[in-house]
Amino acid sequence: MNKPRPLYLDNASTTRCDPRVVEVMLPFLTEAYGNSGSRNHAFGWEAEEAVEKAREQAAALIGANAKEIIFTSGATESNNLAIKGAAHMYAKAPEGQTGRGHIITALHEHKAVLDPCKRLQKEGFDVTFLQPPADGVITLDMVAKEIRPDTILVSIMWANNEIGTINEIPAIGKLCHDKEIIFHSDGTQWVGKMPTDVERDNIDLLSWSGHKMYGPKGVGALYVRRRKPRVRLEAIFDGGGQERGMRSGTLNISGIAGFGKACELCQHEMQSEGERLLKFRTRLETELAKAIEVTQVNGNASKRVPNITNISFGFVEGESLLMGIKDIACSSGSACTSASLEPSYVLKSLGVGDELAHSSLRLSMSRWTTDKEIDYTIASITKAVLHLRKMSPLYDLYKEGVDISKIQWQTH
Amino acid sequence: MAYSDKVIEHYQNPHNVGSFGSSKEVQARKDVGVGIVGAPECGDVMQLHIQVGENGVIQDAKFKCFGCGSAIASSSLATEWIKGKTVDQALAIKNTEIVEELSLPPVKIHCSVLAEDSIRAAIEDWKKKNGIATAVNAHAAHAH
Ligand SMILES: Cc1ncc(COP(=O)(O)O)c(C=O)c1O
Ligand code: FES
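These protein sequence lines are chains W and X, in that order.
The opening residue of the first sequence carries number 82 in the numbering used here; numbering runs sequentially from there.
The opening residue of the second sequence carries number 864 in the numbering used here; numbering runs sequentially from there.
Bound conformation, chain X alone (with noise of 0.2 Å):
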């Protein structure tokens, strides 16, 4: 399978690569939103951190990613996009989007699914630890 160029582009140069402390440290801190979804046995891991000020505004946002080349891609976007939006706004982005902005197939749409569950992941997360409510529909379960 050919890969886009800029599926290319963030394989080699991802961004906003690593995280705000060990899983412990990162627990601890009430700014931090962590989101880890997938599983090994399937082939994909994705880890978002993000870090949150007071006004809801995602400062920074960290990833790691076990998956393939297109999977590291949209991880490494949803960085990009997220930094800077208020939570809500991150929780706005849809996969399709991903997909179109790095022209993934159709066997790689799971990938881009698991850059959207991330974000919900680690908002769900942020939401928790700072006692807000979360949405009703932030486990939407995505079938793949």
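Pulled out of the complex, with its shape left as it was, chain W reads as follows (with noise of 0.2 Å):
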């Protein structure tokens, strides 16, 4: 861990816990060990103060009642309760039968809501995966198409973590509620980077995650709305029937104190680090559009959270690209760095053509990315493209006015 470490442009993926946040959770490890749930000493009182801050935190930072935040392990177990939770809870059919509801879902969501899903449809219910347009937006339109008289769950994010594309969020829990459909979106990517308040954008469950917004790893939030309507859900694990039942389990009190932490720092900073995230993202962009010809960045040109920019550089494979930029931690959506051979299944979903989302890049920023950060990442990726472009076959055939996609390639 000495070693000097690489410039970190992966924030999407996880950020780095605020010190801030760190010095909130520490009495909890050490003096402050008590056990929220022990009712008759002070141990006990002085955890469970620590919690309920937390809870106070965390449903401000969303514009919800207190009561109304369940915490967990992250985003995975969130969505895992809640729409698990919620398709049991509303089932129109018993176990082992068919026709026991319907779903709708999109297909450039994360794998934590797709397998849910995916595992309901083994289970009796019918799901609708929607297939994103080029620009990623989930609309209104979309989701209204797809609504059924059986439809009992409709659950779309809020902001996607490969391409940071905004989904007509208030519009589709509108109409839900309209409907009388229970609405959850996964909103680890917006939640306390982006204005979020449950009841003017109509939601009913909400997930989010403490490591992508400057909190600690291994703690989450689910807001379940509790009233009009109230929700509920089927719990996932059964056992103390700690958080009124949904979630049993000893309570990580020093986790949830510092997602507390997060929550609030997240409130009163987001409006100006949301403006210098824009920034650099809007140089980013047209720096490396301009210094390279042949880039595109994925998703809507400006319906995108702040801090996330997916761009590809055409006749260059992502992975070949990371490794040339190797001092900047990020993403790409090649599949050679997932070893599956198929490239980031987000990107296809849109339509990008193969070849470009093999040379994709996903560049994540955060609370402590500086402007010399940014104009060294400019310089790196313009060079490394560079040197790679001399030799791609690709560029070559470009620049000799092929069509690549005419060509009959030797799949294989």
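Because the hints were derived from the structure by calculation, they are not lab data.
Fair warning: there could be bad hints in the mix.
[What the hints assert, rightly or not] Pair by pair, the computed Cβ-Cβ distance ranges are:
1) X:G884 - W:W490: 20 to 26 Å
2) W:I317 - X:E964: 29 to 35 Å
3) X:P969 - W:E350: 42 to 48 Å
4) X:I995 - W:K384: 58 to 64 Å
5) W:A410 - X:Q890: 39 to 45 Å
6) W:A174 - X:P969: 43 to 49 Å
7) W:T179 - X:Q890: 56 to 62 Å
8) X:A955 - W:S486: 34 to 40 Å
9) X:P969 - W:K199: 48 to 54 Å
10) W:N121 - X:P969: 54 to 60 Å
11) W:S461 - X:G884: 29 to 35 Å
12) X:K869 - W:Y426: 31 to 37 Å
13) W:K203 - X:Q890: 36 to 42 Å
14) W:K453 - X:I995: 55 to 61 Å
[Said to hold, decoys possible] The list that follows gives simulated cross-link-like pairs (lysine-lysine, DSS-like), each with its CA atoms no further than 25 Å apart:
15) W:K480 - X:K869
16) X:K957 - X:K887
17) X:K869 - W:K407
18) X:K925 - W:K471
19) X:K946 - W:K487
Note that the structure is a prediction, hence the values are computed from the model and not measured.
Glycine included, every Cβ here is placed at the ideal spot set by N, Cα and C.
Both chains are sitting in their own frames, so use the hints and assemble them into the complex.
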């Protein structure tokens, strides 16, 4: 861990925990080690107080009531609890039968939404996976078209984790409320970065994770609406009945305290931070496009969160590009990084051609990103892309005016 | 994934990058064999040009590669190895030798297979242009 660290532009994957958050967490790992469930001594009271404070902080960030916050181990668990919990609670037919109800989600959701939906499909629910359009934005109309009399749940993420695109959330939520359908949103890449108000935005269930917003890993929350409508969920973990019976298990006190602090910091800093991040993103996109021909920013040009950009550099394979900028930590949608030989399913679902999907980089900035780092990143990527294009047979074909898509490749 | 020093060295200073002309020009040249394998959708395309003398000796080789660092290193290494060899000697090069030389991990074996395939394809092309019967197994399919 003592080697010089690369520059970090992979904040959509995880963020550094803010030192102010760490400071709040530490006492609960040392002297204040009580169990918030211990009702009869000071150790327990102290822990409970910390949890309730965090619950207030989390609720304040999204305009909810503290009673509506369930602490979990992260967005994966929150998504599972929301989707499976709602489906099982509102099922139209008992286990073992088909026709248990209809669910709508989208193909470019995170696996932590897709896989629970696929499991429900096997259990007798019908699931519609919306095909996103080329700009990646799921609109009200797309959802409205698929709603059926037996639709029980719609789950559409707020912002996409690979391309940062923002779906039409308040509108989709409103539609669901009008039709009395439960609406869940995976807010992992949204909450803490963008203003959120579950009342105004018509959300019933909202998932998010601490470690994407400068909090600790392994802790997250699920907002569960208590009135208009009162949403009920079937628990996944049964046991001690913590979290109003929806999530049994001794609470992760230090993590939750840190999560709460992270929520509070985001609430106060998102405005100024958002402006800074947008400047960085704009600079990355415009300056790279100026320096390198045939680049493409993936996803809608304006409906995107400010901290994420996903750019394809034509004729250059993503993993080799990462190798050329190895002192910058970031992600590629190329298959070669995943060993699966399949490029990013998110980009594919948008209809980004396979070769451009293989050529993509995701850069995601943070609270600590500096102007100097952005300059350095632009220079490094430019240098690496030009180095690789000198070696690229596809770039030669392009220069010769050959249409690459028309060639009969020997696929394997 | 950490790369071996040799892969990094080939990536930074690839040997014999280039071509013997545009796709049209090399098509017309009888002394040049062209091998293009892989596909952009798979994230890897390797192009090998070989220039073969009257005596069947590979006098020069140039590569271009769209692919990961291991694919670039495999093709760079392949051009080094085949230069000065007869086509038959070059055909005897196995992808496993490339794997060993570059210390490629299992997930990167297909990159070396691509290099072997490109050698075969280029030699086959040269033989065809010069009316030499190609070996039956020149098309050897590799599953990966
Ligand atoms: C949109 C989205 N949903 C869910 C998750 C899963 O979060 P966690 O790993 O904290 O459970 C992530 C993070 O990878 C994400 O980006
Ligand atoms: S070319 Fe795909 S892993 Fe090497």
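Here is how each hint holds up against the structure:
1. X:G884 - W:W490: 20 to 26 Å: Given a distance of about 21 Å, which is inside 20 to 26 Å, the answer is holds.
2. W:I317 - X:E964: 29 to 35 Å: Since I317 (chain W) and E964 (chain X) have Cβ atoms about 51 Å apart, the given range 29 to 35 Å is violated.
3. X:P969 - W:E350: 42 to 48 Å: holds (45 Å)
4. X:I995 - W:K384: 58 to 64 Å: Cβ of I995 (chain X) to Cβ of K384 (chain W): about 60 Å, so the range 58 to 64 Å holds.
5. W:A410 - X:Q890: 39 to 45 Å: Roughly 43 Å apart at Cβ, these two residues keep to the hinted range, so it holds.
6. W:A174 - X:P969: 43 to 49 Å: Hint holds: Cβ distance 46 Å, inside 43 to 49 Å.
7. W:T179 - X:Q890: 56 to 62 Å: For Q890 (chain X) against T179 (chain W), whose Cβ atoms are near 59 Å apart, the range 56 to 62 Å holds.
8. X:A955 - W:S486: 34 to 40 Å: Because 36 Å falls inside the window, the suggested range holds.
9. X:P969 - W:K199: 48 to 54 Å: Cβ of P969 (chain X) to Cβ of K199 (chain W): about 29 Å, so the range 48 to 54 Å is violated.
10. W:N121 - X:P969: 54 to 60 Å: Holds: the Cβ-Cβ distance is about 57 Å, inside 54 to 60 Å.
11. W:S461 - X:G884: 29 to 35 Å: With a Cβ separation near 32 Å, S461 (chain W) and G884 (chain X) satisfy 29 to 35 Å, so the hint holds.
12. X:K869 - W:Y426: 31 to 37 Å: Check passed, 33 Å falls within 31 to 37 Å.
13. W:K203 - X:Q890: 36 to 42 Å: With Cβ atoms ~53 Å apart, the hint is violated.
14. W:K453 - X:I995: 55 to 61 Å: Cβ of K453 (chain W) to Cβ of I995 (chain X): about 60 Å, so the range 55 to 61 Å holds.
15. W:K480 - X:K869: Roughly 31 Å between the alpha carbons, so the hint for K480 (chain W) and K869 (chain X) is violated.
16. X:K957 - X:K887: At roughly 30 Å apart (the allowed maximum being 25 Å), K887 (chain X) and K957 (chain X) break the hint.
17. X:K869 - W:K407: At roughly 16 Å apart (the allowed maximum being 25 Å), K407 (chain W) and K869 (chain X) satisfy the hint.
18. X:K925 - W:K471: holds (12 Å)
19. X:K946 - W:K487: violated (32 Å)
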